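Starting from the known structure of chain A, fit chain B onto it as the hints suggest.
Protein chains: 2
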Amino acid sequence: MERLFDKELTALKERLLRMGSLAQNMIRVAIKGLVERDESLLEEVFKNEEEVNQLHIEIDDRSMKLLALHQPMAIDLRFIAATIKINSELERIADQAVNVSQNTQVLLKYPQLKPLIDIPRMAEIAQKMLNDSLEAFINKDPDLAQATLAEDDKLDDLKDQIFRELLTYMMADPGTIQRALCLILISRNLERMGDHATNVCEDVIYMVQGRDIRHPQKPPASSRFH
Amino acid sequence: MERLFDKELTALKERLLRMGSLAQNMIRVAIKGLVERDESLLEEVFKNEEEVNQLHIEIDDRSMKLLALHQPMAIDLRFIAATIKINSELERIADQAVNVSQNTQVLLKYPQLKPLIDIPRMAEIAQKMLNDSLEAFINKDPDLAQATLAEDDKLDDLKDQIFRELLTYMMADPGTIQRALCLILISRNLERMGDHATNVCEDVIYMVQGRDIRHPQKPPASSRFH
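Chains A and B, in that order, give the protein sequences. Residue numbering for the first sequence follows our numbering, beginning at 4 and increasing consecutively. Residue numbering for the second sequence follows our numbering, beginning at 4 and increasing consecutively.
So that you can see chain A by itself, here it is in the shape it has in the complex (with noise of 0.2 Å):
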């Protein structure tokens, strides 16, 4: 019985980690589209997510298959529900590489206003966050988790430092609206990967340790858009 269960938390963890994956894929040709202008890739973002979707469905079925069927106690029961909720973090985080290419098929439409550096930067961050949340997860390493928190501020700062500087192309010329706001959703895309990938390290932390540090005290709400 107990070998059984193993090789099931371990096939678990497989299907985990191809989602990961796949997401991480989707990321990088989302951009890659957008950078180089080209459509066609984002063809490959739509085909991959049909994928993220029954992996979503079969790693949600697959864990309550083995809580119902094996009652996994202490470490086993933690990884499990991390797992659930992992999966969801990764679904949605396909999900924003899916709107980063539907937002980028707008842009697309009109001529190239800026060449992109931020944007591309803000991609490679929230992929190597993705990349290291799951390695955290899987070599059951709350260190690497705490590191990759940290990241998230990068995008934060970066995602505002790319709405001051649209904001100056739109007031300057509104001939900009439509493709300053698609480039401003675009890094708000990219900013909501960073805090799907926070959560996907916080479970790590909480699996690990059995400790919980979401919602520390939070400093006083800035003048941010949100």
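Keep in mind the hints are simulated off the structure, nothing from the lab. Treat each hint with caution, since some may be false.
Under 8 Å between C-beta atoms, here's a sample of chain A residues computed to sit facing chain B [said to hold, decoys possible]:
#: 1; residue: HIS59
#: 2; residue: MET67
#: 3; residue: ALA71
#: 4; residue: MET76
#: 5; residue: ILE78
#: 6; residue: GLN105
#: 7; residue: HIS218
These numbers come from a predicted model, not from an experiment. A virtual CB, placed ideally from N, CA and C, is assigned to each residue, including glycine.
Chain B alone, transformed into the frame defined by chain A:
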């Protein structure tokens, strides 16, 4: 043993409903602050968030203990798994109400752009969706969950309509850009609340029927912003 378990399930349900009613109040008060341009109301939203965050941790903790100590089967297991998921959706709805409040704080630095009609309408729909999704959960009512799912289209349509209208404002007068952006972001905050209520409905249907209705065939990507 069984009676203690039932008592604990009831307590869990009560905590989740408390969280739901806090989230609903946060939406109501945030939009009241926006419509009446009364920044002092927003403080209530930030205060509610603290309680929501505590409940978020408490509900997860209670759920995990129930899973570990009672090893529930079938409908009880699905009820607890649904609670863990709904808990996370409610926390995110509350987060969005906080974002509405923060965007409102920025907006209130400027004179009024226009009387608000569609945004309060969106807030009403979001509140009703939240309320009905929780009622569906409590009454294990998949029909109500299904009916509530359909409401989400109204939010999407209103969001698109608001976007188009505000785009016209921005193009005509760059002096309105910052305010219009605030309102666009607020409409997106409200739309995301609807997405989370939708997730709650899907969790309810899965809980009651053991049937996963997520990810049906989607229509082709439109040229909407995402």
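Problem set entry | Restraint satisfaction for ILE78 (chain A) [CB to CB of chain B, less than 8 Å] | It is violated, given that the least Cβ distance between ILE78 (chain A) and chain B is near 11 Å, above 8 Å.
Problem set entry | Restraint outcome when HIS59 (chain A) is required to lie within 8 Å of chain B by C-beta distance | For HIS59 (chain A), the interface hint holds, since the closest Cβ of chain B sits about 7 Å away, which is under 8 Å.
For this session: With chain B as the partner, please determine if ALA71 (chain A) meets the hint condition of a C-beta pair closer than 8 Å.
Result: Status holds, d = 6 Å.
Exercise. Is the interface hint for MET67 (chain A) satisfied, with its Cβ closer than 8 Å to some Cβ of chain B?
Worked result: Because about 6 Å separates MET67 (chain A) from the closest Cβ in chain B, which is inside the 8 Å limit, the hint holds.
For this session: Closer than 8 Å between Cβ atoms is the bar; does MET76 (chain A) clear it against chain B? Give me holds or violated.
Result: holds (6 Å)
For this session: Mind checking the CB of HIS218 (chain A) against every CB in chain B and telling me if the closest is under 8 Å?
Result: For HIS218 (chain A), the interface hint holds, since the closest Cβ of chain B sits about 4 Å away, which is under 8 Å.
For this session: Mind checking the CB of GLN105 (chain A) against every CB in chain B and telling me if the closest is under 8 Å?
Result: Holds: closest Cβ of chain B sits about 4 Å from GLN105 (chain A), inside 8 Å.
Against the hints set out earlier in the document, a violation occurs for number 5 only.
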